[in-house]
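Chemist: Listed below, chain by chain, are the residues.
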Amino acid sequence: MKFLVTFALALLLLTLESVVVQQLGLAISRIDVTVVLVAFLAVRANTLEGAISSFSVGYLLDLMSGQPTGLFTFLAVLTFLVGKLVVSLVEVRGRAAFVLFAMGADVGHGLLASFFTWLTTKEGGVASSLLPGLPLQVTLTGVAALFLYPLLRRFEASQDRSSSTGLLR
Amino acid sequence: MLSLLKRYRTLLIVGVLLLYPFGAFLTTGRRGRDPNFVDRAVIGVSAPLQRGLIGLIDGVKAVVYGYIDLREVRQANEELRAENLQLRATVQALGETRAENERLRGLLGYAEAAPGPEIPARVIGVNPVAKLLSVRINRGEKDGVFRGMSVVTPDGIIGQVVRATGGWADVALVTDLQSRVGVRVQRSRARGTAAGAGKGPLRLENMLRTEDVQEGDQIITSGTDGVYPPGLVVGKVTRLEKTEHGMFLGGDVEPAVDTTRLEEVLVMGNPFGAMVQGPAGGSGGER
Chain A
-12 MKFLVTFALA LLLLTLESVV VQQLGLAISR IDVTVVLVAF LAVRANTLEG AISSFSVGYL
48 LDLMSGQPTG LFTFLAVLTF LVGKLVVSLV EVRGRAAFVL FAMGADVGHG LLASFFTWLT
108 TKEGGVASSL LPGLPLQVTL TGVAALFLYP LLRRFEASQD RSSSTGLLR
Chain B
39 MLSLLKRYRT LLIVGVLLLY PFGAFLTTGR RGRDPNFVDR AVIGVSAPLQ RGLIGLIDGV
99 KAVVYGYIDL REVRQANEEL RAENLQLRAT VQALGETRAE NERLRGLLGY AEAAPGPEIP
159 ARVIGVNPVA KLLSVRINRG EKDGVFRGMS VVTPDGIIGQ VVRATGGWAD VALVTDLQSR
219 VGVRVQRSRA RGTAAGAGKG PLRLENMLRT EDVQEGDQII TSGTDGVYPP GLVVGKVTRL
279 EKTEHGMFLG GDVEPAVDTT RLEEVLVMGN PFGAMVQGPA GGSGGER
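In order, the protein sequences belong to chains A and B. Under this note's numbering, the first residue of the first sequence is numbered -12, with each subsequent residue one higher. Under this note's numbering, the first residue of the second sequence is numbered 39, with each subsequent residue one higher.
No lab work stands behind these hints, which were simulated from the structure alone. Ideal Cβ positions, reconstructed from N, Cα and C, are used throughout, including at glycine. Zero decoy hints are in this set.
Pair ranges (Cβ atoms, derived):
#1 B/V54 / A/A(-5): 17 to 25 Å
#2 A/A83 / B/E292: 36 to 44 Å
#3 A/V7 / B/R78: 20 to 28 Å
#4 A/R82 / B/G261: 51 to 59 Å
#5 B/D72 / A/V7: 26 to 34 Å
#6 B/I95 / A/V77: 37 to 45 Å
#7 A/L106 / B/A120: 50 to 58 Å
#8 A/F142 / B/V54: 27 to 35 Å
#9 B/E138 / A/L11: 45 to 53 Å
#10 A/V7 / B/G204: 21 to 29 Å
Sample of chain A residues lacking proximity to chain B, with all beta carbon distances greater than 12 Å (derived):
#11 V74
#12 P137
#13 R140
Could you build the full structure based on these sequences and the hints that come with them?
Modeler: Rendered as structure tokens:
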């Protein structure tokens, strides 16, 4: 059930983002809403549920990229697992801590995505052409995390009331 | 054995979830795969959502800007009338030139290339991944849009269709890192390749150092890549790198179309030609 809810939420957010980006005309930067979702899963979900949900979120991102290769599915699961590891070492509590955590996850996700993209295109200087967009991307993702966190918590709380185990827990 | 599987169930499932997409990525590279049933179903859900949102935004924009536009419409109308007269005169003159051109081509024995259909489409969304520059349009297989067809505007080329499903298609932009377009300098007819650089201008490649090309030259499609018809505007040369050594020169080509602000586009090309082209990760280069 959690998997389906996360999938629907990711689909909605990605659709919204694709339209907003088209309307605003952002040349290269995107808002990594999927990373925010994966970061939230790393903080709140257990390993199995979170990994399955992250897989579904990554699959969606792959699909909406136009050329599904599996890269973003892999990166979503990897980001979740690394995030889970970080959460076991550092306490992530409250909105500000979550925003920083999501931004950190986005840096890792962005760097890995650039690296693997470069690895497959084998184009010299590709990383240098993509990395300058990363700070803006991470900032936008941080802003998205700031607004999404209370929404996700409220969503989780409402699910807790309807189910004993909780939906995003 | 069963107890072992049960014991390591989580580890196994997570391992598969992690390694399966990685394996798929390593085997397909950046070519991607054709959409399967699940992909089509998900796109079938997301694309109408995108179209609905675009419609909503357009509606709000129309109301807000409607009044402002109305105030300037009389003056614009006068200007358009004058422009229309000029354009009609130009079209008439071009018609004469075209007729003459066709007659001369006939005399020289050239065959007229079939341009294929032109399908108008609306951009309904942008790919949310910054690493791959593509947009989604509201025309797909049922409208005659197939993988490999070219996408243009009256100002110049946009990109090519990389995936088409029932009523939607994804278009990789010319600015995408994988994009390669066979081009020609309009003035001197020198041939080369315009390669996507991720953002900013396209890179001019595979053009011989001895070719006649200058900053400000208009770059058009050569038609030799099998994707774009010849003669479409690609952009203008904004910078040239002419070294004393080496075979080729380099440079930047500023695209004629701002791909970040796309709304209406045209899908061109022979759908059957596009279908037999196979995987379209970027058109072939020149030379």
